[in-house]
Amino acid sequence: MSDVLILNGRVVDPASGIDEARDLLLRDGKIAALDKPGSLKNIEAAETIDASGLVVAPGLVDVHVHLREPGQTYKETIATGTAAAAAGGFTTVVAMPNTMPVNDSVAGLEWMLSPQRGAVVKLFAMPAATMGSMGATLTDFAALHKAGALGFTDDGKPILEDAIMREALIAAARLGVPISQHAEDTHLTGGCSMNAGPVAFRLGLRGMTIEAESRIVERDIRLLREIEKSEHLRPHLHVQHISTGRALEAIREAKRQGLHVTCEAAPHHFTLTDEAIGDYDTNAKMNPPLRAEADRQAVLAGLADGTVDCIATDHAPHAAHEKEQEFERAPNGITGLETALGLALRVLHRAQGLSLSKILSLMSTSPAAIVSLADRGSLAVGSIADVVVFDPAAQWNFAAKDSRSKSKNTPFDGASMLGRVHATVSEGRIVFRQ
Amino acid sequence: MTQESQRPKKFSYAAGSLLSVADLSVEDVSAILSVASQLERRPTAERARLLAGRRIALLFYESSTRTRTSFELAAKSLGATTTLVSDKSSSIEKGESLKDTGLTLRALGAECIILRHPSSGAPFVLARETGVPVLNAGDGMHEHPSQALLDVRTMLMRLPGRDASTATAKSLDGVTVVITGDILHSRVARSNALLLPRLGAKVLLCGPEPLLPEVALHLGAGVEIVRDFDAALRRAQVVMMLRIQKERLAGLELDLANYIERYQLNGERLAARAPDALVMHPGPMIRGLEISGDVADGPNSAIELQVSNGLSVRSALLLRALYTGGFESVTV
Ligand SMILES: [Zn+2]
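Line order of the protein sequences matches chains D and R. Start counting the first sequence at 1; every next residue gets the next number (full-length UniProt numbering). Start counting the second sequence at 1; every next residue gets the next number (full-length UniProt numbering).
Everything labelled a hint here was simulated from the structure, so no lab data went into it. Because the structure is a prediction, the values reported are computed rather than measured. Backbone N, C-alpha and C fix where the C-beta goes; we use that ideal spot for every residue, glycine too. Treat the hints loosely; a few may be bogus.
Subject to a maximum C-alpha distance of 35 Å in a straight line, what follows is the list of computed DSBU-like cross-link-like pairs (lysine-lysine) [said to hold, decoys possible]:
1. D/K146 - D/K30
2. R/K88 - D/K323
3. D/K323 - R/K99
Among chain D residues calculated to face chain R with C-beta under 10 Å, some are [said to hold, decoys possible]:
4. W111
5. P115
6. E161
7. D162
8. A163
9. P198
10. A200
11. Y280
12. D281
13. P331
14. N332
15. V381
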């Protein structure tokens with residue numbers, strides 16, 4: 001494979017604590033050298049990226065995306081979704097299993113991960129925890145793990161039965177992978193299409209309470225504790241798209257007690273509140289819903305103090321005709337791969353004062369660690385050559401029509417972004433260039 | 001704290017649309033009332049020329065006698081042609097989307113669509129997807145703007161010393177309106193609670209917690225929650241009773257006997273607490289439940305006047321949506 005040189009950039013690698021000018025050599029899909037500026041200039045490389053004034057960081061990792069293939073390729077395909085990922089600076093994405101059919105078999109997983117799907121960046125998957133994500137019978141964890149599963153989840157369909165969740169946590173713990181849970185007590189959210197509160201009342205929409213999220217998180221944490229005691233295993237619970245202060249408090253306490261809990265937060269939850277729904281804008285409809293300002297602040301605090309381990313987009317493309325419906329009828333979800341970095345820098349870096357290194361850790365090093373990708377999320381020599389080069393000071397407005405995703409369902413059309421991806425390198429190949 | 005939250009997306013809607021009372025300025029309300037009054041004074045034949053040849057579609061996803069008939073008669077009195085598409089008719093039954101149904105009506109020449117829909121916010125979808133003026137004739141638990149406007153007109157006609165042909169921020173100064181019943185599920189309550197305070201009224205919402213959650217207080221300034229109906233009545237110049245919407249109660253436990261005991265407006269209660277109050281009800285009424293028959297038919301009742309005001313206010317709204325000469329120029 002041909003060499004790529006990335007020269008004159010400010011290298012920010014949270015994994016090794018580096019934040020200084022370095023030149024980078026990528027060879028055979030690996031990081032081959034990370035040296036003082038000027039020391040690599042005599043190498044003949046097929047491609048050279050001049051990163052003057054730009055940040056060079058480990059490629060971003062998203063542990064929660066919906067690529068809709070197989071089954072709903074009118075919304076997205078693996079090829080288009082990963083192209084959007086590359087444009088957003090992501091080099092690794094983890095596909096959720098709620099495809100059609102549900103990704104609950106080795107054959108399905110292998111089909112999804114096959115090179116024939118045309119993934120532009122590295123694609124991994126978390127298959128379903130239960131057959132058909134019906135919450136009744138566990139899938140074949142061992143076989144799926146052998147075929148590449150990074151963890152198991154019934155995302156969108158929370159595992160409600162205590163016994164099944166317990167069984168899933170135990171089986172996953174034996175394999176050393178997480179159970180990733182969409183925390184929603186659906187007994188409490190029937191007919192609900194947004195967050196409960198003053199906005200829902202005014203709009204005449206039924207609202208999901210914060211308890212619907214925190215109850216499941218609290219239940220899952222209780223199961224972790226019980227399993228640690230009785231089974232002498234250390235199960236890993238990963239809580240998806242955390243959106244409420246109450247659930248965060250439960251996770252904070254569980255971490256204090258040494259339980260293996262991690263969680264992710266989505267850019268829309270730290271950027272927007274339920275006021276963004278305005279005139280029933282279905283592009284502000286997702287699950288968990290946009291919350292009140294107090295919960296947004298709680299997510300920001302969790303990101304700052306480490307309670308939130310990583311940022312994940314929950315990229316959820318839908319066709320225009322599906323969103324052009326009555327609010328209660330429109331599907332949940334928004335696209336997110338191309339706006340994540342710009343929002344993280346705007347909201348977390350500029351407004352909240354989090355360091356670039358901290359934000360890059362939340363978006364690369366830490367999510368890679370959650371799914372045990374030891375050779376990703378770092379620029380250390382020998383790591384896989386996944387790199388993002390971006391201008392941290394660029395201010396621009398996102399235009400949904402320019403998105404690489406097949407779908408344009410985003411509340412951030414026209415929104416201001418801070419930081420623009422200049423180039424994305426996946427396993428030593430330049431897969432996106434501004 | 002820094003507020004990075006972006007503003008909600010601004011959509012544009014055809015002029016003359018009425019989706020929420022929040023879209024109306026006090027001047028808009030005044031113009032609507034003024035035109036309603038002028039229309040009532042016009043000879044029938046002259047009125048029937050105002051929208052002659054214009055096409056109005058009534059799109060009703062929920063059954064409704066009062067509102068549908070009222071809009072239909074209003075349109076016909078102005079000379080417009082109306083077509084009714086209801087939940088019993090084919091395209092809706094076949095599961096066509098609201099957008100496509102709207103586009104079909106537009107293609108067939110509908111210049112204005114009156115929409116009743118069980119889903120909150122549906123009129124917003126229809127208005128932005130078709131670009132046609134849309135009048136919200138009740139959407140889910142959200143709003144019923146024409147009802148609030150006819151309620152205002154009724155209050156101004158019946159309360160002493162008020163002028164029903166105009167509105168200002170002081171039109172209802174000193175007036176306390178008690179709205180009692182199933183506030184949670186009521187679009188009439190929301191529209192009134194949003195509109196009346198802007199005309200100077202105080203709104204007291206009254207009902208048990210399951211039907212009136214505390215969060216209702218956030219509807220805006222000028223809104224108060226009073227759980228004790230008798231206490232609220234003592235302050236009332238107007239009392240508006242709402243039906244218990246059994247079909248929307250899903251899961252809520254309500255002891256009807258206890259509800260009647262605490263919240264029914266009956267002759268005895270009215271005479272004791274608010275003998276001069278104006279009694280209103282948006283209908284349909286359930287006599288013997290939220291209101292007793294003697295009160296509904298009694299001298300305080302403005303219920304029939306509400307119905308007839310529906311006709312004139314809705315005529316004004318149709319003119320506002322369609323009158324090519326400009327709404328302001330409808331003068332007598
Ligand atoms: Zn998801």
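Status of the hints after comparison with the structure:
For the hint pairing D/K146 with D/K30, the CA-to-CA distance comes to about 24 Å; that is within 35 Å, so the pair holds. Of the pairs offered as hints, the one joining R/K88 and D/K323 holds, with about 25 Å between alpha carbons and a cut-off of 35 Å not exceeded. Taken as a hint, the D/K323 and R/K99 pair is honoured in the structure, with Cα atoms around 11 Å apart against an allowance of 35 Å. This hint is violated: D/W111 has a C-beta 32 Å from the nearest C-beta of chain R, more than the 10 Å allowed.
Because the beta carbon of D/P115 sits about 38 Å from the nearest beta carbon in chain R, more than 10 Å, this interface hint is broken. For D/E161, the interface hint is violated, since its Cβ never comes within 10 Å of a Cβ in chain R; the closest pair sits about 22 Å apart. Because the smallest distance between the Cβ of D/D162 and any Cβ of chain R comes to about 23 Å, over 10 Å, the interface hint for this residue is violated. Interface restraint check for D/A163: the shortest CB-CB distance to chain R comes to about 26 Å, outside 10 Å, so the restraint is violated.
At its closest, the beta carbon of D/P198 sits 3 Å from a beta carbon of chain R; the interface hint therefore holds under the 10 Å criterion. A distance limit of 10 Å between C-beta atoms decides the matter here; for D/A200 the minimum to chain R is near 8 Å, and the interface restraint holds. For D/Y280, the suggested interface contact is upheld, since its CB lies about 3 Å from the closest CB of chain R, less than 10 Å. Of the supplied interface hints, the one on D/D281 holds, with its beta-carbon coming within about 5 Å of a beta-carbon of chain R, less than 10 Å.
The beta carbon of D/P331 is not positioned within 10 Å of any beta carbon in chain R (closest approach about 13 Å), and the interface hint is therefore violated. At a threshold of 10 Å, the smallest CB-CB gap from D/N332 to chain R is about 16 Å, leaving the interface hint violated. Given the 10 Å rule on beta carbons, the hint for D/V381 is violated: about 38 Å separates it from the nearest Cβ of chain R.
In terms of the numbered hints stated before, the structure departs from hints 4, 5, 6, 7, 8, 13, 14 and 15, listed from lowest to highest.
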